[in-house]
Structure formats: structure tokens, C-alpha cells
Amino acid sequence: MGKRVFYVTNNSSKTRDEIVSKCSRLGYPATRDNILSTAYLTACYLQDIVFKKKVYVVGSKGITQELDAAGIKHLDVGPDPMCSDVASLLRNEVQLDKDVGAVVVGFDEHFSFPKMVKAATYLKQPNCIFIGTNTDEILPTEFPLTVPGTGTFVRAMETCTNRKAFKIGKPSPYVCEAIIKRHKVDPKKTLMIGDRCNTDILFGTRCGFKTLLVLTGVTTLGEVHQLEKSSNKEDQELVPDYYIDRLGDMLPLIS
Amino acid sequence: MSIKNLASLSRDEVKNLFSSIDTILTDCDGVLWLHMKILPGAPDVLNKFREMGKRVFYITNNNVITREEFCVKCDKLGFTSTKDDVLTTSYLTACYLHDIGFKKKVYVVGTSGISRELSRLGIRSFGVGPDPLISDVATLVMKDFKLDPDVGAVIVGFDEYISYPKILKAASYLNHPDCLFIATNTDERGPSFINDCVIPGTGSMVAAIETCAGRKPFLIGKPSTYIIDAIRKRYNVDPERTLMIGDRCNTDILLGTRCGFKTLLVLSGVNTLDDVMNWKQSDNEEDRGLVPDYYIGKLGDLLPLLT
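For the protein sequence lines, the chains are Y and X, in the order given. According to numbering that gives the first Met the number 0, the residues represented by the first sequence are 0 to 254, in order. According to numbering that gives the first Met the number 0, the residues represented by the second sequence are 0 to 306, in order.
It should be emphasised that the hints constitute simulated quantities derived from the structure, not laboratory data. The beta-carbon is built from N, C-alpha and C at its ideal position, and this holds for glycine as well. There could be a bad hint or two in this list.
[As the list claims (entries may be wrong)] Chain X is faced by these chain Y residues, among others (derived, beta-carbon under 10 Å):
#	residue
1	V85
2	N91
3	D107
4	M115
5	T120
6	P147
7	A155
8	Y241
9	I243
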């Protein structure tokens, strides 16, 4: 039908190439240019502001590889556990790099106290940029377990630095700016499809897109009706224009 | 009500104030010592309070040591204390579980300061120490971690071994609405600075777990009023005849205001007189709870007024 399709994900652990592989495996054609993931968008943001220093990353190779692709210098990621005790850590083991000008917090399965100390100490400088890739509190859950999401690490760092992170992913407006700027998209002729009202639909509303909620994921129809009835203006932004049980149900309607 | 500078009161006024006080609760860092250096005159003032027949309690949001270890630290700095004078949040957390008749197990994201105080009161716990991610998140979730059905509470204190597996486990236990969620305190940063480093405080560990658990904890430490419940269950204390001394308005003074204590702010720590004046003039009623009854430059300045 001649429509451009973009895959928009808050996942910060994968590079665009890895997402392309995953999409292909599952039968969805994709190229790097149609993927908008937060690791990639973080690198875009740093390019947009002409960032020339180094980045301290609390996150994964998904982020550092996208930074490499954009020519942005960064410190290494991976485990950084407590080796001795707090006093020794602070006295001897924290060696800060004077060239660090930004801290990026993404999903980090190796999150640790030494990393928190380093990130917070870099962020003591007011001109050190503070970026959070996204604020999803949990990943799709494996009930009865809860799988913490990036929002967990971002909130921890916002608390001990008393600073707010610049958020890259949905529902923040940066994704919108990046799409419009890089891909010349007209918001009025754009449809956002998602399963989560407080990220996907809210994001679409804020960008001026039309919004379609699919009921195969997080948000239920019951929850949408509650939001519709709410007198809270903010809740109204989470209400989609359209909904459908699942994306596949559209096929007979458009062929 | 105007805030009075204690140092500008007459000896009779000071005498009258203290004759209406039986119990003194004092914060430690910023009042008695600052980054492990004694604030001059502070030990003498506390000794004088005791000579005058007042009961003195040390109140601290510190939860990484037991009360006995805290006494050893006090002793090194020249302050006399016994464990019954000390109220650490590790001890108070154990008191809380004891007071509510808690019989299950506790999952602790914190140090042995907490687990040892729990054990003293016969409460079983686990989780303290390193718990790094060995394989990957998928394996942890699918295979490596099974919920212990006997866990009835999660306590979060300062934990230098904070890790993804610990946050995942705490949040998973907290999925059950009957599982208690307790935070020792919410201080965002540690009180000291070593080498100019920022020391993330318990508050940041609590924020991490609150975020993914989607729940707020019951707070033990200042400015939560649990402290006064704990003290009154164990000692005969009259809030109206109690003085709270602290350096931080949004924990120490706020606690005092909420409990109906008289409050004294020392200016040797976190807050300044300007801060106080701003809150006094604020339209926000909550801000006025941060305003102390009295202030003084440092605790040691009281000594000439008491002798």
C-alpha cells in the first residue's frame, strides 16, 4: 500500500542489526533503516547535540556498539562488582576519566554499587549530560516473577544524583523529533500501533499521530474504558483513536 | 510562633526549657560529629544532659551496623552510650517485625547490620551478601530462581552488593500483596564524602525496587513516626516532654513536629538558617512542619548555658 513502516522499540540492549535479525527470524522484513531502538536513538541524540567527549555507560553492548557506529567514544561495559569494601572502593578504586561528558543509563544486568558510585560522581558536574534510554519499569512479566526494566536503574540514579535524566524512548518526544528530522515524516499522516497505553499511545498522542491499540499485549480494553471515563486530562492522552484485538485482524479489512 | 536562637536566651529561659524536658533524641551525623570528626563540645553537652537527669537516645538512619557496633563507634569519638541508648534503623526494623508478631521469613536487600538484629529477635532472614548475575536474565528467570514460599517480608537497607538478581527477587516477592515491603530509610546519599565521590544511599536502592515492584514501602527511619511508637513501647516517654535535636529539617525536625516534640536545629550540618526562614514564610503547610522551635550554631554552644 506504499506505506513506510518503522519498528519502534524501547529495547536498549540490542543494536539495530540484532533487531533486524530477530525480526527476520520471526518473518518480519526489516532493514537497519526502519529500526528505531533506544540504543540507536541515544547515539543519534548525542550526534544531534554535537557531543565530542566520552560517555560512561551503565548498560550493555547494544548501546556501546551503536555509539561506536556513530563515532562516539565511551568507556567499557560489563561486570564491575564490589571487590573489597565501600571505603577502599571510594579511596582507591574509583578512577574517574576526565574526558567523560555524559552518563547513559540503559538496561544493565550487571548493575552494581561501583557503577552507581562512578555514574553519580560523574553526574555531580552539572554540565555532564544525564541520559536514560527509557523508563519501562518492568519487562513483559513471567508471573509470578517480576523482571525489572530500565526504569529501575534510571530511578536509582535520579535518586542519588538528585537530577532528572533526559529520556530517549517512548513516551518521550525525542523519538518523534528523530523520526521527523531524519525520515521526513508528517505527523498528521502517521499511525502509531502499540500494546501499551502509557508508552506507545501516549507517545503517539504527544506527537500528533493517529493511534491504534492492539489488545494482544499489556493494556486491556477495560483499562482503556477506565481511562476514557477519567476526568484527569493526562489520562485522556493515553486513550487511543482506534483499537483492534490483534494486528492480524486488520488483514481482511485492508486487502 | 517565632523561631528562637537558643544562644540568645537567658540562662533562666534555658533552665525553664530544659526543666520541661525529660527525654532528648539526638541525630548523630551533623550534630555530634561530621564525617567522623567530633563537633567541639558535643560530648560534654550530652554528659551534661545526663547529669541533669535527662534520658538521651542516639537516633541514626545507619543500618549497616548493630547497636553494639554503633556504641563502639560512639566510644571512639568520645561519646558514652549503651546499646539501650541507641536507635539504628537496623534495630528498629527488627523491632517493627517483632511488634507486629511477624513469624515468616525475611528477604533482605541489605547488610548483616539488619540480619543480625533480626536474628537477635528470633526472626529468620536471608539474602545478605553478593548475588551477582552468573548466567543471563532469561536463565535466572526460567531456571535459577524459585520463590521461597515462606517469605513474608522484604526489607531494603543500604546494600553495597546491590545487583540485578537482588532487585528481581525483591520485586518478585513483592508481587504478593501480603508480603510486607519495609525500607530502613530513604536518604538519597551517604552522609560522608571520600575522595569527592558521591555515595549512593539507601534511598536509591529503595527507589530501584519501588519502581519495578510498583509499590511504596513502609518507612522505618526519620521522618517516619515509627521511631516514637518503638520508643514508647519500650520506654516511658512523653512526647510533650521530649526534645529532638537534628541538623536536617526534612528528617529530624519533621519527625519532631509530627510526634509533638520540641525541636532544636543545629546549624553544623545540612540545613542553614536561610533554608528555615524560607520554609517559615512558605504558603505550603507541609513546609512549616520543617521549621524548628529553636536553633543554635552547634550543640557545643549550649554548654555555657547549661552550667
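We went through each hint and held it up to the structure:
Look at Y:V85: its Cβ gets to within about 5 Å of chain X, closer than 10 Å, so that hint holds up. With a cut of 10 Å, the hint placing Y:N91 at the interface with chain X holds, because the nearest CB-to-CB distance is about 9 Å. Residue-level restraint check for Y:D107 holds (minimum Cβ-Cβ distance to chain X is 7 Å; threshold 10 Å). Nearest Cβ of chain X to the Cβ of Y:M115: about 4 Å, under the 10 Å cut. The hint holds.
Given hint, Y:T120 at the interface with chain X, holds; its Cβ is 5 Å from that chain's nearest Cβ, closer than 10 Å. Interface hint status for Y:P147: upheld, as the beta-carbon distance to the closest one in chain X is roughly 4 Å, under 10 Å. A least Cβ separation of about 4 Å between Y:A155 and chain X falls short of the 10 Å threshold, and the interface hint therefore holds. Among the interface hints, the one on Y:Y241 is violated; its C-beta lies about 28 Å from the nearest C-beta in chain X, farther than the 10 Å criterion.
With a cut of 10 Å, the hint placing Y:I243 at the interface with chain X is violated, because the nearest CB-to-CB distance is about 27 Å.
When each numbered hint is compared with the structure, violations occur for hints 8 and 9.
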